[in-house]
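J.: Here is what each chain is made of, one letter per residue.
4 protein chains.
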Amino acid sequence: MASKFYAVVIGAGPGTGRASAIRFSKAYPVALLARSPESYEATVEEINAAGGKAIGINADASNPDSLKAAFETINKEFAGHKLAAAIYNASAGYGVKPFLEVKLEDLDRTIEGNIRGLFNFAQSTLPLLEDAVSSSRFPPTLIVTGATASIKGSARFACFAAGKSGARALAQSIAREYQPKGVHVAHAVVDGVIDIPRTQSYNVNGGAEDGKISADSIAETYWNLHTQHRSGFTWEVDIRPYVEKW
Amino acid sequence: MASKFYAVVIGAGPGTGRASAIRFSKAYPVALLARSPESYEATVEEINAAGGKAIGINADASNPDSLKAAFETINKEFAGHKLAAAIYNASAGYGVKPFLEVKLEDLDRTIEGNIRGLFNFAQSTLPLLEDAVSSSRFPPTLIVTGATASIKGSARFACFAAGKSGARALAQSIAREYQPKGVHVAHAVVDGVIDIPRTQSYNVNGGAEDGKISADSIAETYWNLHTQHRSGFTWEVDIRPYVEKW
Amino acid sequence: MASKFYAVVIGAGPGTGRASAIRFSKAYPVALLARSPESYEATVEEINAAGGKAIGINADASNPDSLKAAFETINKEFAGHKLAAAIYNASAGYGVKPFLEVKLEDLDRTIEGNIRGLFNFAQSTLPLLEDAVSSSRFPPTLIVTGATASIKGSARFACFAAGKSGARALAQSIAREYQPKGVHVAHAVVDGVIDIPRTQSYNVNGGAEDGKISADSIAETYWNLHTQHRSGFTWEVDIRPYVEKW
Amino acid sequence: MASKFYAVVIGAGPGTGRASAIRFSKAYPVALLARSPESYEATVEEINAAGGKAIGINADASNPDSLKAAFETINKEFAGHKLAAAIYNASAGYGVKPFLEVKLEDLDRTIEGNIRGLFNFAQSTLPLLEDAVSSSRFPPTLIVTGATASIKGSARFACFAAGKSGARALAQSIAREYQPKGVHVAHAVVDGVIDIPRTQSYNVNGGAEDGKISADSIAETYWNLHTQHRSGFTWEVDIRPYVEKW
Chain F
12 MASKFYAVVI
22 GAGPGTGRAS
32 AIRFSKAYPV
42 ALLARSPESY
52 EATVEEINAA
62 GGKAIGINAD
72 ASNPDSLKAA
82 FETINKEFAG
92 HKLAAAIYNA
102 SAGYGVKPFL
112 EVKLEDLDRT
122 IEGNIRGLFN
132 FAQSTLPLLE
142 DAVSSSRFPP
152 TLIVTGATAS
162 IKGSARFACF
172 AAGKSGARAL
182 AQSIAREYQP
192 KGVHVAHAVV
202 DGVIDIPRTQ
212 SYNVNGGAED
222 GKISADSIAE
232 TYWNLHTQHR
242 SGFTWEVDIR
252 PYVEKW
Chain C
12 MASKFYAVVI
22 GAGPGTGRAS
32 AIRFSKAYPV
42 ALLARSPESY
52 EATVEEINAA
62 GGKAIGINAD
72 ASNPDSLKAA
82 FETINKEFAG
92 HKLAAAIYNA
102 SAGYGVKPFL
112 EVKLEDLDRT
122 IEGNIRGLFN
132 FAQSTLPLLE
142 DAVSSSRFPP
152 TLIVTGATAS
162 IKGSARFACF
172 AAGKSGARAL
182 AQSIAREYQP
192 KGVHVAHAVV
202 DGVIDIPRTQ
212 SYNVNGGAED
222 GKISADSIAE
232 TYWNLHTQHR
242 SGFTWEVDIR
252 PYVEKW
Chain A
12 MASKFYAVVI
22 GAGPGTGRAS
32 AIRFSKAYPV
42 ALLARSPESY
52 EATVEEINAA
62 GGKAIGINAD
72 ASNPDSLKAA
82 FETINKEFAG
92 HKLAAAIYNA
102 SAGYGVKPFL
112 EVKLEDLDRT
122 IEGNIRGLFN
132 FAQSTLPLLE
142 DAVSSSRFPP
152 TLIVTGATAS
162 IKGSARFACF
172 AAGKSGARAL
182 AQSIAREYQP
192 KGVHVAHAVV
202 DGVIDIPRTQ
212 SYNVNGGAED
222 GKISADSIAE
232 TYWNLHTQHR
242 SGFTWEVDIR
252 PYVEKW
Chain E
12 MASKFYAVVI
22 GAGPGTGRAS
32 AIRFSKAYPV
42 ALLARSPESY
52 EATVEEINAA
62 GGKAIGINAD
72 ASNPDSLKAA
82 FETINKEFAG
92 HKLAAAIYNA
102 SAGYGVKPFL
112 EVKLEDLDRT
122 IEGNIRGLFN
132 FAQSTLPLLE
142 DAVSSSRFPP
152 TLIVTGATAS
162 IKGSARFACF
172 AAGKSGARAL
182 AQSIAREYQP
192 KGVHVAHAVV
202 DGVIDIPRTQ
212 SYNVNGGAED
222 GKISADSIAE
232 TYWNLHTQHR
242 SGFTWEVDIR
252 PYVEKW
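The listed protein sequences derive, respectively, from chains F, C, A and E.
All letters in the first sequence, in the order written, are residues 12 to 257 by the working numbering.
All letters in the second sequence, in the order written, are residues 12 to 257 by the working numbering.
All letters in the third sequence, in the order written, are residues 12 to 257 by the working numbering.
All letters in the fourth sequence, in the order written, are residues 12 to 257 by the working numbering.
Derived by calculation from the structure, the hints in this document are not laboratory data.
There may be inaccurate statements among the hints.
Since the list gives no way to pick out one identical chain from another, each pair is judged satisfied if it fits inside one copy or across any two copies.
[As the list claims (entries may be wrong)] Pairs of lysine-lysine residues, derived as PhoX-like cross-links and limited to a Cα-Cα distance of at most 25 Å, are as follows: (1) K114 to K192; (2) K256 to K15; (3) K192 to K256; (4) K163 to K256; (5) K108 to K64; (6) K64 to K114; (7) K37 to K163; (8) K79 to K163; (9) K87 to K108; (10) K79 to K256; (11) K114 to K79; (12) K163 to K114; (13) K114 to K37; (14) K15 to K79; (15) K256 to K108; (16) K108 to K15; (17) K192 to K79; (18) K15 to K114; (19) K163 to K192; (20) K15 to K93; (21) K108 to K192; (22) K79 to K108; (23) K87 to K256; (24) K256 to K64; (25) K15 to K163; (26) K37 to K64.
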């Protein structure tokens with residue numbers, strides 16, 4: 012019997028998380044993880060209503076026990092399935108402030124949400140992804156959502172840049188260790204404002220049409236990363252609106 | 012009546028050029044350009060035999076007149092079509108030598124094939140791509156094939172690195188100017204040996220299975236770049252075998 | 012009366028810390044901070060014996076209270092002095108391990124020593140450096156010691172890369188905010204093994220003479236960064252042995 | 012008898028070329044090369060009047076014969092001297108234009124001045140620098156002047172970016188080949204407007220004091236690169252005004 016596979020998305024709130032869950036649900040059952048049900052409930056319902064299969068689980072990536080419990084739940088719900096794709100989309104600590112106004116707690120929050128969270132999520136998922144290498148149709152994939160701050164420390168973005176750059180380096184190290192084992196690890200530098208309810212009032216790129224990034228377009232790029240042949244892995248893509256200044 | 016579109020590939024020999032032509036021929040008639048017919052003849056035949064449409068034209072990217080003539084031919088052959096995708100895959104001057112053994116002619120050849128050729132090809136295609144913006148299904152796209160040397164000047168690769176890095180900078184400048192007009196400009200850092208007849212005997216990555224890049228996988232990544240939504244353009248991807256050391 | 016100035020080095024143990032303290036002591040009294048007296052005692056003695064002025068203080072950069080106490084001591088010892096140069100040379104968590112063998116505590120330690128420590132040290136020193144802008148001979152300077160891992164996530168260096176890359180991004184953000192105020196912020200990518208007692212047995216670069224980095228040469232480069240004119244600040248230097256592979 | 016040494020600067024006009032010649036003349040006789048005497052005459056006179064030794068020679072870096080003749084002259088004028096430092100400061104083709112308005116001649120000019128010129132100059136000087144390795148006080152040094160465009164292809168800077176990025180890659184390749192032989196190769200990313208007569212009317216950085224780069228400060232940084240110990244070579248520095256936006 013052919014193996015069965017699933018995908019997991021952490022940070023499954025509106026935007027990239029939601030859109031990725033929907034995109035990957037066309038091929039796999041999907042587990043949506045977030046710190047509170049409001050982040051994933053509607054998406055879970057939407058996927059199930061559309062004939063896909065989704066479950067939502069409360070989980071905090073920065074807490075290894077919370078993650079462990081989440082994967083136990085997944086293991087029961089998707090019994091006999093292997094992990095085809097894991098998307099790390101959690102984040103924290105965005106916030107533009109003069110450096111001296113930032114508190115150590117702000118820094119800790121961004122480290123929790125970006126570096127420690129990815130660390131825990133990668134430790135939970137890499138053995139599962141590796142286990143799927145020999146049987147999955149596409150190379151099992153870990154995708155990490157980054158931002159402009161992943162590669163640039165802009166003024167007044169000290170904490171966010173530290174968290175995002177740290178996460179990128181972590182992902183890159185993992186890529187170099189795990190790609191030879193057949194697990195594809197990719198990082199996306201999302202360089203622009205994503206078009207979600209929360210950003211609706213933001214005036215970006217002079218209000219140009221499509222001046223904010225469609226989360227669906229990010230999800231499509233993630234899917235395309237996932238389906239790459241192992242002889243041609245992409246480690247990093249940048250994603251930005253055609254009108255973005257860079 | 013809906014507009015009709017075509018794609019053009021220059022440097023259409025075995026490998027990325029051939030594979031891209033075949034991949035894009037599933038959606039568009041394709042013009043294959045190369046300096047000699049041996050480079051494109053078989054591919055043109057293969058595409059036409061498979062029910063696609065392809066033409067082959069002798070052209071030298073480093074010569075503006077040669078390019079001009081090629082586009083006149085295209086204009087006749089694909090009358091009424093607009094340019095949806097242009098792929099610059101020409102190159103020259105690869106060759107590993109101690110710096111003092113390199114001749115100025117070697118440098119000139121790599122500049123011809125990488126920088127001047129791209130310059131001419133971009134000047135020929137950008138107005139055509141821009142003209143297609145309002146009617147094409149996907150944002151008109153210029154894709155440039157790069158290499159490791161596009162971002163790294165390794166020892167004994169002085170010329171090739173100069174040519175490839177110069178071409179990358181040229182493409183990036185064009186991306187920043189043309190993306191706001193709706194033309195997608197993307198650069199691929201192909202970081203590995205491509206699996207073609209010429210490289211069959213190369214022992215790379217310890218002879219690992221899929222240790223050379225499948226040209227089809229590059230072409231698939233190019234197609235995915237082409238079909239990106241304009242709110243989420245990727246400027247640069249790296250492409251390398253899972254076992255490649257980087 | 013002319014203002015008087017001092018320098019502070021944290022992570023003042025053998026190697027870059029010690030050498031920087033000695034180099035800067037030729038121009039300023041210097042405070043050497045480290046977690047234990049063994050790290051700085053000999054250097055303090057050496058500087059004072061040579062006619063310079065140095066004090067040693069126990070301090071842990073990852074602990075804001077510890078740092079606060081240290082600067083109160085400095086304030087008493089160097090009463091009436093302004094801060095001309097601050098060098099962040101603390102680190103932690105170097106260690107080459109397969110990713111799944113790394114513990115969350117390992118990650119936390121590297122974050123403490125690299126990101127949180129720099130955060131605290133920068134918050135302590137930036138107001139003092141800014142206060143010296145109008146009176147100091149050279150632009151007040153914050154120099155951060157980085158490593159290869161600051162810009163590259165090598166396999167099995169996941170934690171160290173996260174810490175070092177996060178610290179680099181933090182420093183870069185601070186540079187962009189503080190340079191316009193006249194404070195020079197610089198980051199050094201030390202890409203090689205430093206020649207200290209602990210590394211004496213390391214066989215690097217085939218045992219080539221000068222194949223390990225002289226800490227004095229790093230200190231000299233730091234001094235040259237410090238003395239740069241404000242119209243020509245360098246944000247980043249790489250430092251590596253002539254024989255290093257990169 | 013101790014060996015005697017000299018320095019050579021090409022592109023010796025006002026700005027970095029002139030300032031470097033003056034700075035290095037404090038340690039070495041200096042040969043100033045430029046395409047026309049107006050570029051170097053005053054500086055040659057100034058150095059000689061100040062008690063240094065300087066000669067000026069007409070030379071075009073893009074022409075190997077012209078360079079060859081120049082080094083023959085140097086060989087006569089500085090008979091018995093070895094080459095301690097060579098500075099490539101020639102350039103060409105700066106100019107901000109929409110891509111379609113750029114002519115192939117513009118591209119060729121920037122390639123001549125940046126890539127081919129450096130190629131020829133490096134081929135002329137590397138054997139001389141290598142010959143000085145065993146006897147010179149400081150590691151013989153080749154320094155290449157770059158610009159923002161060396162690492163960024165900004166919109167409407169297509170040609171300049173191609174030339175500068177190509178030159179940087181060339182220099183990097185040479186660095187990787189020649190540093191193990193003891194020759195220090197360094198590249199400077201000069202990221203700002205230099206304060207010279209031609210730029211006096213430019214309003215940069217809001218007219219801030221020291222908002223343009225002092226050429227003397229660049230020369231000082233070059234001197235500091237030259238005097239680095241071989242165990243701690245810097246390949247690349249960026250140089251920008253404290254108020255520059257980056």
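J.: Which holds for K114 with K37 at a C-alpha limit of 25 Å: within a copy, between copies, both or neither?
T.: Result: close neither inside a copy nor across copies, 43 Å intra and 36 Å inter.
J.: With 25 Å as the alpha-carbon cut-off, assign the pair K108 and K192 to within, between, both or neither.
T.: Classified as between: cross-chain Cα gap 16 Å, same-chain 42 Å, threshold 25 Å.
J.: 25 Å Cα cut-off: does K256 pair with K108 within a copy, between copies, both or neither?
T.: Both, since 22 Å and 18 Å are each at most 25 Å.
J.: Can you give me the call for K256 and K64, within, between, both or neither, at a CA distance of at most 25 Å?
T.: Close neither inside one copy (39 Å) nor across copies (38 Å); limit 25 Å.
J.: One pair to classify: K37 and K64, alpha carbons no more than 25 Å apart. Within, between, both, or neither?
T.: within (9 Å within a copy, 32 Å between copies)
J.: Have a look at K79 and K108 and pick one of within, between, both or neither, based on CA distance no larger than 25 Å.
T.: between (35 Å within a copy, 22 Å between copies)
J.: First find the shortest C-alpha distance between K15 and K163 inside one copy, then the shortest across copies, and answer within, between, both or neither for a cut-off of 25 Å.
T.: Result: close neither inside a copy nor across copies, 40 Å intra and 36 Å inter.
J.: Can you tell me if K79 and K163 fall within 25 Å by alpha carbon in one copy, between copies, both or neither?
T.: So K79 and K163 fail the 25 Å test inside a copy (33 Å) and across (30 Å) alike.
J.: With identical chains, the pair K163 and K192 could be close in the same copy or across copies; at 25 Å between alpha carbons, which is it: within, between, both, or neither?
T.: Classified as between: cross-chain Cα gap 20 Å, same-chain 30 Å, threshold 25 Å.
J.: I want to check one pair: K87 and K256. Are their C-alpha atoms no more than 25 Å apart within a copy, between two copies, both, or neither?
T.: neither (47 Å within a copy, 38 Å between copies)
J.: One pair to classify: K64 and K114, alpha carbons no more than 25 Å apart. Within, between, both, or neither?
T.: neither (42 Å within a copy, 34 Å between copies)
J.: If the cutoff is 25 Å on CA atoms, where do K108 and K15 land: within, between, both or neither? Let me know, please.
T.: Neither, since 47 Å and 32 Å both go past 25 Å.
Consistency note: the structure conflicts with the earlier hints numbered 2, 5, 6, 7, 8, 9, 10, 13, 16, 18, 23, 24 and 25.
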